[in-house]
Amino acid sequence: MSEEFKIDIVNPEQSFLSKDDVTEVVVPAFEGEMGILKDHISIISFLKPGIITIRSKSEEEKFYVEDGIIEFKNNNLSVLTSSIFNLNKLEKAKLEELLKIAEEEANKTEINDQTKYLVDQKIQTLKSIN
Amino acid sequence: MASLDDLKKRISSVKSTQKITKAMKMVAAAKLKRAQESAEKGRPYSQKMNNVILNLSSGISDKENAPKLLSGTGNEKVHLCVVMTSDRGLCGGFNANIIKKAKSFFSNIISEGKELKIITVGSKGNDQLKRSFGDKIIENISFKNSKNANYFDAEKVGKSIIEKFEKKEFDICTIFYNQFKNVITQIPQSQQIIPLNTETGNENKTDDTYEFEPDEDEILSNLLPKNISTQIFKAMLENSASEQGARMSAMDNATRNAGEMVDKLTIEYNRSRQAAITKELIEIISGAESL
Numbered sequence: 001m002s003e004e005f006k007i008d009i010v011n012p013e014q015s016f017l018s019k020d021d022v023t024e025v026v027v028p029a030f031e032g033e034m035g036i037l038k039d040h041i042s043i044i045s046f047l048k049p050g051i052i053t054i055r056s057k058s059e060e061e062k063f064y065v066e067d068g069i070i071e072f073k074n075n076n077l078s079v080l081t082s083s084i085f086n087l088n089k090l091e092k093a094k095l096e097e098l099l100k101i102a103e104e105e106a107n108k109t110e111i112n113d114q115t116k117y118l119v120d121q122k123i124q125t126l127k128s129i130n
Numbered sequence: 001m002a003s004l005d006d007l008k009k010r011i012s013s014v015k016s017t018q019k020i021t022k023a024m025k026m027v028a029a030a031k032l033k034r035a036q037e038s039a040e041k042g043r044p045y046s047q048k049m050n051n052v053i054l055n056l057s058s059g060i061s062d063k064e065n066a067p068k069l070l071s072g073t074g075n076e077k078v079h080l081c082v083v084m085t086s087d088r089g090l091c092g093g094f095n096a097n098i099i100k101k102a103k104s105f106f107s108n109i110i111s112e113g114k115e116l117k118i119i120t121v122g123s124k125g126n127d128q129l130k131r132s133f134g135d136k137i138i139e140n141i142s143f144k145n146s147k148n149a150n151y152f153d154a155e156k157v158g159k160s161i162i163e164k165f166e167k168k169e170f171d172i173c174t175i176f177y178n179q180f181k182n183v184i185t186q187i188p189q190s191q192q193i194i195p196l197n198t199e200t201g202n203e204n205k206t207d208d209t210y211e212f213e214p215d216e217d218e219i220l221s222n223l224l225p226k227n228i229s230t231q232i233f234k235a236m237l238e239n240s241a242s243e244q245g246a247r248m249s250a251m252d253n254a255t256r257n258a259g260e261m262v263d264k265l266t267i268e269y270n271r272s273r274q275a276a277i278t279k280e281l282i283e284i285i286s287g288a289e290s291l
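The listed protein sequences correspond, in order, to chains A and B. Per the numbering used here, residue 1 is the first one in the first sequence, and the count goes up by one each step. Per the numbering used here, residue 1 is the first one in the second sequence, and the count goes up by one each step.
Among these hints, one or two may not hold up.
As a list, the in silico BS3-like pairs of lysine-lysine whose alpha-carbon atoms are at most 27 angstroms apart [stated by the list, open to error]:
#1 Lys168/B x Lys181/B
#2 Lys41/B x Lys62/A
#3 Lys62/A x Lys48/B
#4 Lys116/A x Lys41/B
#5 Lys103/B x Lys89/A
If we take Cβ atoms under 8 angstroms as the criterion, some of the chain A residues that face chain B in the derived model are [claimed, not checked]:
#6 Val10
#7 Gln14
#8 Leu17
#9 Ile43
#10 Ile44
#11 Ile69
#12 Asn75
#13 Ser78
Just so you know, the hints here were simulated from the structure itself, not pulled from any lab data. Even for Gly, the Cβ is constructed at its ideal location relative to N, Cα and C.
Given the sequences, and given the hints that come with them, work out the whole structure.
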């Protein structure tokens, strides 16, 4: 009995990643990290800035996301996100650029609590990568 | 009849026009391939987004308190129309078709006594609508600087629309764009994005019950603004594929017409050259005879 399920990550421009031998995915859901295994109940949730970890038998991949929605159904996990980066391929310069944008956003005065929270999350995650 | 020199000049000028249109056709063909690819690649995202929203909105229990972006403001007095055209010309009927569709929609709205506001995306649409609906245009957005349609631009448009919606500047938002069918056919489309039309595409709906985290309302209110950007992005991708397709076939026609013209002019040129030679010969012969 296999413990594997399928994951599709799509961003508006293209299909970012598609794998069908995933054993566990950890996503930064809005209300906290969430691990998804095979035969998880159907769920829709959205993401806050953080790290997606995708584990298969042979390897483990990590991605940085800024936002997104996940949908899990019939052992198909779909992740819709507008900004996603593979941590291994993320260059230092790009990382710093993202951090700078986030910090600029955080320094704006007229943002509401929710955006403030999201931006803080973003900065925290980016710093932890660094 | 034009003189030989004039004909020669005309032939060479038509030939150089032909070279230009041929080059443009080739460029458009290359760009079309890329635009088509990205339109295809972008499809899964908007489809999945649509599915999720359909599932969500069918699961929503309290229709009265549903987010405004989904249920509408309850009025339909003020229409906002987003007309998406290209920034460059020389693409056949591409822009004219969208404008025609939009204009007939506009006159409907006005004859019903409703208020109309227009946002134009792309400078060509702005140029054409300025004349008859200039006072209705509230904003013109142009992406002359970005090479390809990208999500970042779409998000900018989406955000500005949502901002206006939240300020209650309009009730219903419709976008106009060309849907890419194939190189020869592009279908001008109008699509209502606010309030979202959940009636269409119901066949994809599943009866599965989902667990939501956090609850439906909160997810929906986060998702709907994203969906608007996604729809606009989709329209932009379709539009850019259509634009290149339309340009390609327009330039192909132009090249062919130029070829025909060159042929005709060449025949005329040869005829008048022969006529001149015959005339000279007759002059020489009759001169010799008179001696």
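Looking back at the hints listed earlier, which ones does the structure fail to meet? 1, 4, 5, 8, 12
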